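8 protein chains.
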Amino acid sequence: MNSHINKLIEGFLESYKKGDISTDDFLEHIKDLYFEDIGFAKVDHHRMLRRDFPEVIYGNNKTAEQIVEISQKILKYSKILMITRTDKDIYLMLKKKLKGVTLKFSAGIVYTPLDINENELKEDITVICAGTSDMKIADEAAITAYLMGNRVNKIYDVGVAGIHRLMSFKDQLKKSNVIVAVAGMEGALPGVVSAMVECPVIAVPTSIGYGASLGGIAPLLTMLNSCSPGVSVVNIDNGFGAGYTAGIINRNK
Amino acid sequence: MNSHINKLIEGFLESYKKGDISTDDFLEHIKDLYFEDIGFAKVDHHRMLRRDFPEVIYGNNKTAEQIVEISQKILKYSKILMITRTDKDIYLMLKKKLKGVTLKFSAGIVYTPLDINENELKEDITVICAGTSDMKIADEAAITAYLMGNRVNKIYDVGVAGIHRLMSFKDQLKKSNVIVAVAGMEGALPGVVSAMVECPVIAVPTSIGYGASLGGIAPLLTMLNSCSPGVSVVNIDNGFGAGYTAGIINRNK
Amino acid sequence: MNSHINKLIEGFLESYKKGDISTDDFLEHIKDLYFEDIGFAKVDHHRMLRRDFPEVIYGNNKTAEQIVEISQKILKYSKILMITRTDKDIYLMLKKKLKGVTLKFSAGIVYTPLDINENELKEDITVICAGTSDMKIADEAAITAYLMGNRVNKIYDVGVAGIHRLMSFKDQLKKSNVIVAVAGMEGALPGVVSAMVECPVIAVPTSIGYGASLGGIAPLLTMLNSCSPGVSVVNIDNGFGAGYTAGIINRNK
Amino acid sequence: MNSHINKLIEGFLESYKKGDISTDDFLEHIKDLYFEDIGFAKVDHHRMLRRDFPEVIYGNNKTAEQIVEISQKILKYSKILMITRTDKDIYLMLKKKLKGVTLKFSAGIVYTPLDINENELKEDITVICAGTSDMKIADEAAITAYLMGNRVNKIYDVGVAGIHRLMSFKDQLKKSNVIVAVAGMEGALPGVVSAMVECPVIAVPTSIGYGASLGGIAPLLTMLNSCSPGVSVVNIDNGFGAGYTAGIINRNK
Amino acid sequence: MNSHINKLIEGFLESYKKGDISTDDFLEHIKDLYFEDIGFAKVDHHRMLRRDFPEVIYGNNKTAEQIVEISQKILKYSKILMITRTDKDIYLMLKKKLKGVTLKFSAGIVYTPLDINENELKEDITVICAGTSDMKIADEAAITAYLMGNRVNKIYDVGVAGIHRLMSFKDQLKKSNVIVAVAGMEGALPGVVSAMVECPVIAVPTSIGYGASLGGIAPLLTMLNSCSPGVSVVNIDNGFGAGYTAGIINRNK
Amino acid sequence: MNSHINKLIEGFLESYKKGDISTDDFLEHIKDLYFEDIGFAKVDHHRMLRRDFPEVIYGNNKTAEQIVEISQKILKYSKILMITRTDKDIYLMLKKKLKGVTLKFSAGIVYTPLDINENELKEDITVICAGTSDMKIADEAAITAYLMGNRVNKIYDVGVAGIHRLMSFKDQLKKSNVIVAVAGMEGALPGVVSAMVECPVIAVPTSIGYGASLGGIAPLLTMLNSCSPGVSVVNIDNGFGAGYTAGIINRNK
Amino acid sequence: MNSHINKLIEGFLESYKKGDISTDDFLEHIKDLYFEDIGFAKVDHHRMLRRDFPEVIYGNNKTAEQIVEISQKILKYSKILMITRTDKDIYLMLKKKLKGVTLKFSAGIVYTPLDINENELKEDITVICAGTSDMKIADEAAITAYLMGNRVNKIYDVGVAGIHRLMSFKDQLKKSNVIVAVAGMEGALPGVVSAMVECPVIAVPTSIGYGASLGGIAPLLTMLNSCSPGVSVVNIDNGFGAGYTAGIINRNK
Amino acid sequence: MNSHINKLIEGFLESYKKGDISTDDFLEHIKDLYFEDIGFAKVDHHRMLRRDFPEVIYGNNKTAEQIVEISQKILKYSKILMITRTDKDIYLMLKKKLKGVTLKFSAGIVYTPLDINENELKEDITVICAGTSDMKIADEAAITAYLMGNRVNKIYDVGVAGIHRLMSFKDQLKKSNVIVAVAGMEGALPGVVSAMVECPVIAVPTSIGYGASLGGIAPLLTMLNSCSPGVSVVNIDNGFGAGYTAGIINRNK
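Those protein sequence lines, which keep their order, are chains X, R, U, L, F, Y, D and E.
So the first sequence is numbered by my numbering: it starts at 1 and just counts up by one.
So the second sequence is numbered by my numbering: it starts at 1 and just counts up by one.
So the third sequence is numbered by my numbering: it starts at 1 and just counts up by one.
So the fourth sequence is numbered by my numbering: it starts at 1 and just counts up by one.
So the fifth sequence is numbered by my numbering: it starts at 1 and just counts up by one.
So the sixth sequence is numbered by my numbering: it starts at 1 and just counts up by one.
So the seventh sequence is numbered by my numbering: it starts at 1 and just counts up by one.
So the eighth sequence is numbered by my numbering: it starts at 1 and just counts up by one.
The following block holds chain X by itself, in its conformation from the complex (with noise of 0.2 Å):
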């Protein structure tokens, strides 16, 4: 249960007890933990009490404003704010409205860092990724990992082409607790990453190819092929559901 969330919520019941807030106060917060409803959007913070990590907002297709506004409204109840395929605009305006907001620009993240001590965070992630062009996908999955708690291994350019760079990384993916490897093009690096090693592999395919790479068809269904059992594949470009993955993975390690 989320320690954030469970603190709010005592906050509340300790001013009603006080008398600070009265009874309708009281519901009224309680209810829009159910979620809150602003019209173009129900904002779904009952999400932080059930998954334990509040909504991610998708960035893609959105307008600034209403970018800043379920960002505000999420963080009414999370400590955590984190808006994926975003940009620099997006991050200006918001930095403007909302405080501590970062902006990771390889990545086209805006986030808020975790107040918590290196120390805490949890170990054994490992992100790996081909090829440079396949560093976005790569950085948007180890973000996410670290939104969750976890300080996270990166190993980039490491695709097959030369394998024995990535055979000079066999002991810190061996003892990995979860693997995200990205790769486009042919995609074959989370197969052979998984056929050495004994913990799960999350595989991502990434459009970056041309011709009949199909715009990451060609990696995604080599990834869904792959003969080492273990593997398994989100969305093409989806560092974001790889990272999330790998992070519940390694909750309770």
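Bear in mind the hints are in silico, worked out from the structure with no lab data behind them.
Since the model is a prediction, treat every value here as computed from it, not as a measurement.
Note that beta-carbon positions come from the ideal geometry of N, C-alpha and C, so glycine has one too.
Just to be clear, a hint being listed does not mean it is correct.
[Unchecked claim] Here are the simulated BS3-like cross-link-like pairs (lysine-lysine), alpha carbons at most 25 Å apart as the crow flies: (1) K174(L) - K7(U); (2) K31(L) - K170(R); (3) K174(U) - K31(X); (4) K170(F) - K154(F).
[What the hints assert, rightly or not] So these bits of chain F aren't anywhere near chain E, every CB distance computed over 10 Å: (5) S22; (6) F26; (7) H29; (8) K73; (9) K76; (10) D87; (11) K96; (12) T102; (13) E118; (14) E120; (15) K175; (16) R251.
With the hints as your guide, set chains R, U, L, F, Y, D and E onto chain X.
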């Protein structure tokens, strides 16, 4: 590290010390552990050491003779034998050569049951499926997870066309460590389940359906596009891969 | 039978009887009702008689001049004008030539509002969408149904990733005569909604999503494979077609 | 609200009052109405209450034993039984266990005929198909609509390659409340029919054809792209879904 | 046999007899007729002899300089010049270098008009299109057929959503020798037209549409699956190919 | 105008004048010409008048009884009968009921041979195919063209893998009025043939091939993308459609 | 230049000089070398001269009689005969008519063994495959290369799921002149092999797999997208094409 | 074994012996040869040793800074630098930092010219393309082969629509050791070329075309289905891969 294979190696060492086997014999055993070459196959005994689970025989496109020969090799260094996509005829032939094998007819799997107590099995893997027709694949996942040492909860025929059936299993779902969700046709089940729980959901699309289900492509795409993070996907009808992934996620919990 | 066009014909007859218009003029009007040939287009005035709703102008790939000219022709025999997939520039040009037109910016639609009382609108069409990004298409459906004489209930941003949001609108859904359900990405919403209600659900897949959503093919397939009977599907992003179908279903209820 | 199931509940209540059944028995019946768990299936009796039509058994991929068992359960609370995609062998087995079932051989459907008078059936659903080979699917739609209480007009083999055949049925088409239009190959029929009428058209693509018909994908795409609004589409060969949708559209007319 | 190129050869022969050109000059001209090598292109003058129509320049992906140079070469042995998929800028540059060229803006074609009398044109090619947006491709077909010496009847915007518009042109269609039928979206027009006439119909799918039109794949499939024999199909948006085929069919009629 | 059907009508008129048939009988015959309704089919006798060739029976998915019944109806007003995609069993059954039918086993066609002199056949249709395995489809095209009154030149097994074979038939190809070119696998033949001749080429992709031929999609795409104008394409394996199109092109030459 | 066919021609010349054969006989032989027309086939004897390897008979879709007749023709001018995709029945029929033919059952190939010494075979072609199920295709490649005069190294069942198996053959791979790499499912093997060696790798995707392997499309795409240059790809299951390509690459080494 | 890198290593050894560099320095150099880690990339210097050609930089999706940094690293151990899919801006920035680099504008390639004599280049690689628009990809192949030490014959714009152009280069084609054949649209060129020659043909499909060319999928399928053995295929637009494969095939000839 796998205890069975460790005991075997210790046994060889002891026999060697006693002079029961020669240096050559000993080395031959160790070399075998790397892989054993039987012409049409290179049996990967090393997988037992590397991944703590033996090579699994994919029965499709293999002759009965090939399956028997590979099975015998695997049982040299593993107490676990698992053959998927096989049938009664192969089973009857195997039974003559190998003792202790069992057929799970509905899942098309031949395997050797574990020789441990029921209560030594790990808890909290759930396998759930949308329709009666998805049972074959769900059972493939369940047996795989079982062979990795788990007691599996099964919840079958709870597709979203009658969502109250699913809701009535909410508590059982919420206390799972990992869920395998199997569905054909529209494939909406894993996303809906994931939204209800905290743990990772391994989604298995099945080829059950017709027309625009495109042999399982439709539920595959649904699952890859799931709005609920925490869902990762394996190949169409790949119950084995899903059960295996669930097994390694549950290992250190 | 449409009353507006009937009145026009009666008017022509009266004028003819009075001698205000010649036989030729009268025949010309009647011939026009078949269709009016303006070179690059054959305006189908007969549709008003045949289907009780005028030709709707699909704005894409048409020049502003073409749109204006077809609009003027349509308004000769219809009080309703509707232009989809258009934008502010076209609107501003139309406003100069035609009075009474309105722009629904978010839906990319220019139309002439109905001149009837609010309480003359029919009840019980609901338009529901999964995410904030699907609003544009949902609005296209809602305006279309409105122009056919309906008051539309809107329930937006209630996707299956937080299914309690959807459940809280159960009563409103259950009393609908027909529901338009709009969703991108995994497209599971229409099937889940259909399973909760008795009435027909018109499903609209949207192109919202990325990677394996394949520009809307993924939710399209999901909806076509829905396990819940009562779901029928229109083209990707075709809010207009869905709203129109809902309108004719609700006509005689 | 369905009258048959209401009468059953009233009967239980009466028996309870009289002391013929215990409290436990009564609760068991009510619990069953939620759903009945028979291991490989969770029979959704609640559907009768929720949607006024029982679960329909999709015969494909189910064993004869499974079909018989589910059928018996459904008939506990429903007078209607419908099994699609089944065959003569299943029928002969069912006939031994269940009285009153009938086989529509050409449509692959086993069902229980309605016990109401012919003249109690609702009018004005039309099922139309393009070619003789599409009859199987058209019949599936027609029987479904019939079981929902409708008398169905059938117009078969009127494809657009001889459009005068279609035109000669114009009056019958125009007075329909809803039309199910079935076509394979090019799939142009539903769009052409829709342009002639005011009512909704449910389009069913069939897998009849070869080569570039791609197993029904070609007519599916044609129908989704129909220029005539009012057409909505179901899965390839899904006569049942189309008949069902027509049935609920016609319910309150 | 093409008369223009024959006259050129006779001219060379005469000049040679008179001694105005040397043997070498004569041979050079004859060799050119095989093909002329200008490095980035091998201009196929022989096509004029072989097919009685010169190479047509496909403007896409060629620089203005390349187009000008190839054009000049073609005009050495042909009085016809045709450049497709080009635009105003290329036209303005060509006009400076080559006299007599004309731009058909809406069709993106630059060409040299025929220098024959209107009444020398052959009759009875019809170009028909379904929607206003298909005009560009229809015009490409019409100009091509014109440059092959035909007067073309155009019937635009007569799609099947208002089939009475099409029917009113029945006589004109029935007396055609060959019809080019252009349609996007559902692409049903060519099949319906073919069923009304005796002559061949060349079907041109267009990329007009959205969503499940898949950039023209949907109408392409519709046309290939036409139930009416006599329909043959060219590439999506290939008005030129259709006009050319119509031209050679009409040649000897 | 078709002479056979004209003679029939004249015969009816004469019988009527003589009083041999009543007014009702006469009208019945004329009504039949529109179409004849036999329940599962609406036989389109009018096609004979409209298109000068009767309905052709597509044998696939029809029962023997249906084929016999439709055949008998067609022969009432046509001397030509053609059934495609049929087999020896259907033939043997037909032979008992209908005299004069013949089976072309290799092409799967049953038909009634023409009763005209060999030298009354039109010249100059060529059917060419790439490989021995494409013969079935090539024969389907050839018989169709023959039944339309043409003597067909056949050039089989001249694929581009040995292009000198094709070149040796250059003269025969160049004097054709229209060519049907049949090819599977890479499907390059029609484009290469078209570049050698002036006349139209009807391209027929076949499903011969494996793997990436995708059941004929590969040669279909090749043909649609042909660089040589004058190629138009019919459905995969649609020899009938190609032969028919060739027949109507050659009609008035 | 092929020595066998040269000797034949020299033999004809000598016979002619001696007067054993007439001028006509001699010309007939020479004409045959161009191609021999046997109606359903044009046997390309010229291929022996042009490409130094005879036409290979693709057995699929050919009758036994056709295969026998073409085989006899090929053996007139070639000592090599090769029939792919054939089976035991065809073999038994061939054996009666032609001496010296052999069946490789597992590869579905009938051929005439070379009559040269083992040590005359060229070295250094390697055929490698990922799984036991890929052996059929690997054998097809190996026999083809053998018939072109090569001794082939075979390394089977060394897929990337146990990459140490592959690594142990590094030296053998590195000294190859050309490698044929065969794999189904994920198809990663050729790319990984290519990255280890200097020589060209001919990649053969197989149809081994299920679900998202799409009949071999998945490994085909993987191989086309290989990050390691030096990989080129043939059709799915085209062992023959790969072996042939390897053979001509190795010819002049 | 590559001589340049060997000389570097010998140089290091000598310096070490002389005491010019320390043991640590020496080991650092040797370690670098394995790969050099610069964070966002792991530069694979070992490739020079392993494959005798350095890593080639794929310019797409990389920033200018990344390209410059990787280039500098590559030039430490290689005299060859090659950057594909780049443009003038990147070139101008590189030129400032690195001397000796050249831009081939039309091919989008920056490279360092070889410093060997023209006559040291190997003969007999031919690059051929179908149309003027395919030149960019053909040039990419030609430059790659040149950088591997070959003089390349170029034959451009000889597509099958004017096959006499191709035939006139027969001799040049026949004496090639390996041919790269580049074509878009229908992609028939490589198969036709292969049938004329003995040597291997590397086929490159291009994305040139429209509509049913599907961005190069059509010519890709054509080439994979080529009836002429000896054709192998690389990714759409992958001129580099084809040139590289040609280079290694020609290496030891």
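Going through the hints against the structure:
As the CA atoms of K174(L) and K7(U) are separated by approximately 23 Å, the hinted pair is consistent with the 25 Å bound. The straight-line distance between the Cα atoms of K31(L) and K170(R) is roughly 17 Å, inside the 25 Å bound, and the hint therefore holds. Proximity of K174(U) to K31(X) is assessed by CA-CA distance (about 23 Å); at most 25 Å being required, the pair is judged to hold. Note on K170(F) and K154(F): the hinted pairing holds, with a Cα-Cα distance of about 13 Å set against a maximum of 25 Å.
No beta-carbon of chain E is positioned within 10 Å of the beta-carbon of S22(F); the least distance is around 24 Å. For F26(F), the requirement that its beta carbon stay farther than 10 Å from each beta carbon of chain E is met, with the minimum near 20 Å. Non-interface call for H29(F) relative to chain E: holds, since the shortest CB-CB distance, roughly 17 Å, exceeds 10 Å. Under the 10 Å C-beta cut-off, the non-interface status given to K73(F) relative to chain E holds; the minimum distance is some 12 Å.
Distance to chain E confirms K76(F) as a non-interface residue, since its nearest Cβ pair spans about 16 Å, more than 10 Å. Annotated as non-interface, D87(F) keeps its C-beta farther than 10 Å from every C-beta of chain E; the closest such distance is 15 Å. Consistency note on K96(F): stated as away from chain E, and its beta-carbon is indeed over 10 Å from all of that chain's, at 22 Å minimum. Even its closest Cβ contact with chain E, about 24 Å, leaves T102(F) beyond 10 Å, as expected for a residue assigned away from the interface.
The claim that E118(F) lies off the interface holds: its Cβ sits roughly 32 Å from the closest Cβ of chain E, which is beyond the 10 Å cut-off. No Cβ of chain E approaches the Cβ of E120(F) within 10 Å, the least distance being about 29 Å, so the stated non-interface status holds. For K175(F), the condition that its CB be more than 10 Å from all CB atoms of chain E holds, with the nearest at approximately 31 Å. For R251(F), the requirement that its beta carbon stay farther than 10 Å from each beta carbon of chain E is met, with the minimum near 19 Å.
Of the hints listed earlier, there is not a single one the structure fails to meet.
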